[in-house]
Every structure is written in C-alpha cells, then in structure tokens.
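Keeping their order, the protein sequence lines are chains H and G.
Per the numbering used here, numbering of the first sequence is gapless, rising by one per residue and ending at 266.
Per the numbering used here, numbering of the second sequence is gapless, rising by one per residue and ending at 266.
Because the hints were derived from the structure by calculation, they are not lab data.
Since the structure is predicted, the reported quantities are computational estimates derived from the model, not experimental observations.
A hint or two may mislead.
One copy or two, it doesn't matter: identical chains are merged, so the pair holds either way.
Below, a list of computed lysine-lysine pairs in the DSBU-like style, where the Cα atoms sit at most 35 Å apart [as the list claims (entries may be wrong)]:
#	residue 1	residue 2
1	259	131
2	200	67
3	173	229
4	108	227
5	256	108
6	52	259
7	89	52
8	167	191
9	256	191
Number of protein chains: 2
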Amino acid sequence: MDKPIGVFDSGIGGLTVVKELIRLLPCEDLVYFGDTARVPYGVKSRDTIIKFSLENTLFLLQQNVKMIVIACNTSSSLALPVIRRHFKIPIIGVILPGAKEAVYATKNGRVGVIGTRATINSGAYEQEIKRLDNRIKVYSQSCPMFVPIVEEGWVSDEIALRVAQKYLAPLKGKDIDTLILGCTHYPLLKPKIQAIMGKGVRLIDSAQQVAQEVRQVLIQEGLVSKNKKRPTREFFVSDEVAIFANVASRFLGEKLGKVKRAQHV
Amino acid sequence: MDKPIGVFDSGIGGLTVVKELIRLLPCEDLVYFGDTARVPYGVKSRDTIIKFSLENTLFLLQQNVKMIVIACNTSSSLALPVIRRHFKIPIIGVILPGAKEAVYATKNGRVGVIGTRATINSGAYEQEIKRLDNRIKVYSQSCPMFVPIVEEGWVSDEIALRVAQKYLAPLKGKDIDTLILGCTHYPLLKPKIQAIMGKGVRLIDSAQQVAQEVRQVLIQEGLVSKNKKRPTREFFVSDEVAIFANVASRFLGEKLGKVKRAQHV
Chain H
2 MDKPIGVFDS GIGGLTVVKE LIRLLPCEDL VYFGDTARVP YGVKSRDTII
52 KFSLENTLFL LQQNVKMIVI ACNTSSSLAL PVIRRHFKIP IIGVILPGAK
102 EAVYATKNGR VGVIGTRATI NSGAYEQEIK RLDNRIKVYS QSCPMFVPIV
152 EEGWVSDEIA LRVAQKYLAP LKGKDIDTLI LGCTHYPLLK PKIQAIMGKG
202 VRLIDSAQQV AQEVRQVLIQ EGLVSKNKKR PTREFFVSDE VAIFANVASR
252 FLGEKLGKVK RAQHV
Chain G
2 MDKPIGVFDS GIGGLTVVKE LIRLLPCEDL VYFGDTARVP YGVKSRDTII
52 KFSLENTLFL LQQNVKMIVI ACNTSSSLAL PVIRRHFKIP IIGVILPGAK
102 EAVYATKNGR VGVIGTRATI NSGAYEQEIK RLDNRIKVYS QSCPMFVPIV
152 EEGWVSDEIA LRVAQKYLAP LKGKDIDTLI LGCTHYPLLK PKIQAIMGKG
202 VRLIDSAQQV AQEVRQVLIQ EGLVSKNKKR PTREFFVSDE VAIFANVASR
252 FLGEKLGKVK RAQHV
C-alpha cells in the first residue's frame, strides 16, 4: 500500500509548502502536522526547537509516512541535522532548496536573508549558500514582528509597511539583488517587501523549490505513489481544530479536509 | 519548615507580580515558573490553556508550595476555575484583584479592559466586574500585537504608538474613566496608552492588588512565613535559561538569582 508524505510546521505557515506539493504531486497522500499549541518556534532556543521537532517527527512516523518534509524554516535551520542523524527515512528541510534558488538567481553575488531570530542566529542559510558558492556575500536580518503581523491579518496595513521599513533599512544599503523570505509567513508580506526593496530585488519563497526537491527524492528512492484512487490529505494540529481551520485556507489557497487534534503534545 | 509561595506565568510577564510580592512580603520564599517553551498562551484555545496550566500547577506542587498565584491573565481567565476545582491549596488569579481595583476607581461607571484575545474572549474581567457591581458598563478590546512589541523592545518606538492608536480607537469614544491593563506585558506600554487615552483615564495594573490579596489569604489561612533567615527565590523556565535571564531583570526591576530549567514541559 502507498504511504503518505509527512509534513510538519510550528503552526500554519507550512501549508504554503503543502499547497505546492499538491500542485506538483497531486497523486501523493499527505499528512500535515501543525504544532499550534507550542507555536511560535522562532523565538525559542535550539534545544527546545530540537525537542519539539523530534516529537513531531515521531508523530508523523506513527502515521506511517514514507518521507518527512520540515516545512518550518526555524525547525529546518536548527533541528534538521539532528533529525537526519537519528531517523532512516528521507527528510527534507526548506533551507537548502531556498539557498539553491538564491544562488541560481543572484547576478551580482549579493544575497539577503530574512527570518525569525532563531533562523537568522543559526546562520543556516548563510552556511548552505557558502557551501554552494563561497564567493557570494550574505546579509541577514531577523524580523520577529512579521509573524504576528501576518497572524493579525494586518498585511495591507500602514503599520506593516512601517515595520517592514524598519527591518529592511539595514539591507537596503547592501546592494543585494536577491532576498530569501526565510519564513513561511513572509510571502504574505511580499507586496510590502517588494515595494521597499524595489523591483530590482528578486524575492525567493522556497515552497516551490521544496516541492521540486521532494519529487526528486521520491524518484531517486523509488517512493513515487502508484495511487489510482483519490489521494488522502490529513491535517493534524496540537491546539484547537477550529482556530486552525479558520485561517488555514488563507495559506492553502483551497478548502481543507477534516482537521484532527494530535495527542502527542 | 516554611513553604514557598508558587507563581506561574506563560513566560516572563508574571515577574511584575513577583516584584510586588517581594516588596509587600519580603520574608516569603518564592518559586516562579515561566512556561517560556510554550509561550504565548493568549492566542491559544481554552482546552490547551487549561492543560498547560494544570501541568504548571502540578510542577509547583512538586516544589512543595503552600499557595499558588497565577500571574498570567490568560491563564487566570480560562484555567483558574478548573484548577480551583481540583486542588486543595489556596489559588489566586489576577482577574479578581484587577476587577476590584477598577470598580473602586471608576467614578462614572464606565470601565475598559484590554488583554490577549483569549482573555478578552473569555469575558472573565467583565463577569467579575458585573458580579461586584452590575451597574458598571464594561468595554473590551483585545490587543494581540502588544506582547510582541514589548518583547521586541519597541515600547518607545513610533510603531508602538501607531499600534496602540489602532487598538484603542474603539475605546476612545466610550467615555471610560478607568482602563484595566489585562496582561502583564502591558504596563511596559503605559506611557503610550496613557498618552492616547488622556490623563483623565486611570490605568489599572493589577500586580500590586494581587500582592495585597496574597497577603490577605496568607493571614486568613495561617500561612504567613515565620522565616528568620534570608528568603529563597527560585526561578524555573521551560525553555533555555539564558534567554529568560537576559530580559527578566527588565520586568523584575532587580537582578535574578539562579534560574533553572523545569523538565515537565
């Protein structure tokens, strides 16, 4: 029997990755877990992020997944190496696909990265970019208020513009031509970020690249689904189902199926 | 042997209550727990807030406390009745003391309440105020961005003023003379809130009232410390110790003793 692909995120943002997986791999079964009871991860410590990520991985393994996608930038930055060390199934994070895309996109070799405090402090994007091409200059900036602004639904508000101006000011002087949106919430602020950075700066949102990477690994490992039936998509969260379902469609771009409460948290 | 008073909060804000406890009851031993790994509570569901609060209560009971103070408004609003139902020791929340103070302060019988989404949706302040004096009109407003702003250290920033103007606009037309700051983070935004609401509006920060209530219960129950030695103050958190210790002194107004990692989360 075919097994599903497992995806986890600290909350809701990982649904942008699910959206791209559905588009690129429409026949694959999916199981999503959003850790809405313990969200956000981006302000927490490495140890705690690793602990939560290991628990989420175990939960997905119990759902009998064939592969795991860590759709959270913070978790990918800090926990992916540890999780890979412990578990046998293929595990994909969002950092390498985003870094690859940025290296491919930049013409002048100057790349910016924005993300949560934990992601930026980890230096994960910078390391991956340097490993791919060590001549590239990387400029990083954490933007802790972006997630609350998106969750408050203020993406079109004047306040969002002011906050973005404040965070992006240090990057404006760095002559970057490529900016990685290193958090799954940030694509919802794309118009504001683009307006501030200018049209000459390419914004990288790694969700599409992640889906490509997943397809490649499925092919390499002989794990592509032979599904003839309609694929199943299951959604689990650690906090109340209703709160998640209400906003989830904004990220997924379509109506969700049934959402269930996971009991491991 | 004397037992300590236990205090818990979703994170760091409850230290403002600890500060007042130290001032009013300097001989009492204290144990504080801040749930920094699962913070914030204010955006989460009733069930999750109750589950976390029960676990925190158990943790404090294992530290052999004689009484528990729930220093978190969200937790007090949603979990206090459940916790009181299950446990024998005296338990105090922050809602009733704040409500009492507001009822005492208002001259025109029009009171505002601001807090997290969970606190405001619970209607806890309104219920307590109405129980004390059902002629008082209560106007409530959730301010989800205030906590991130305080944690980002932007309390003096122009952005804080704009955010506060946006949230407080609906309360401005209600002719209130008293406003309850129903979240332990909000007192750090007092100057901005006062400037917007005007000098005629009294801001109620319940920390002092909570300390008074604690003293009263200790006397009633015969639990006042007979400490002759220097009192002990222990601090536990569920996330990394260093992150907490760095900002804790801003809330406590003095240097902390040793901070330890709690293992129940």
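Against the structure, the hints come out as follows:
1. In this homomeric assembly, residue 259 and residue 131 never come within 35 Å of each other (Cα to Cα): the closest approach is 42 Å inside a single copy and 40 Å across copies.
2. When the C-alpha separation of residue 200 and residue 67 is checked against a cutoff of 35 Å, the pair qualifies neither within a copy, at 41 Å, nor between copies, at 62 Å.
3. In this assembly of identical chains, residue 173 and residue 229 lie within 35 Å of each other by CA distance neither inside one copy nor across copies; the values are 50 Å within and 60 Å between.
4. Proximity of residue 108 to residue 227 under the C-alpha cut-off of 35 Å is found in neither arrangement, the shortest distances being 41 Å within a copy and 73 Å between copies.
5. Taking identical chains as interchangeable, the C-alpha atoms of residue 256 and residue 108 are never at most 35 Å apart, the minima being 39 Å within one chain and 50 Å between chains.
6. Taking CA atoms no more than 35 Å apart as the test, residue 52 paired with residue 259 passes in both settings, with 27 Å inside one copy and 24 Å between copies.
7. In this assembly of identical chains, the alpha carbons of residue 89 and residue 52 lie at most 35 Å apart whether taken from the same copy (18 Å) or from different copies (33 Å).
8. When the C-alpha separation of residue 167 and residue 191 is checked against a cutoff of 35 Å, the pair qualifies both within a copy, at 16 Å, and between copies, at 23 Å.
9. In the homo-oligomer, the alpha carbons of residue 256 and residue 191 lie at most 35 Å apart inside one protomer (23 Å), although the nearest pairing across protomers, at 42 Å, exceeds that limit.
Going through the hint list in order, the structure does not satisfy hints 1, 2, 3, 4, 5.
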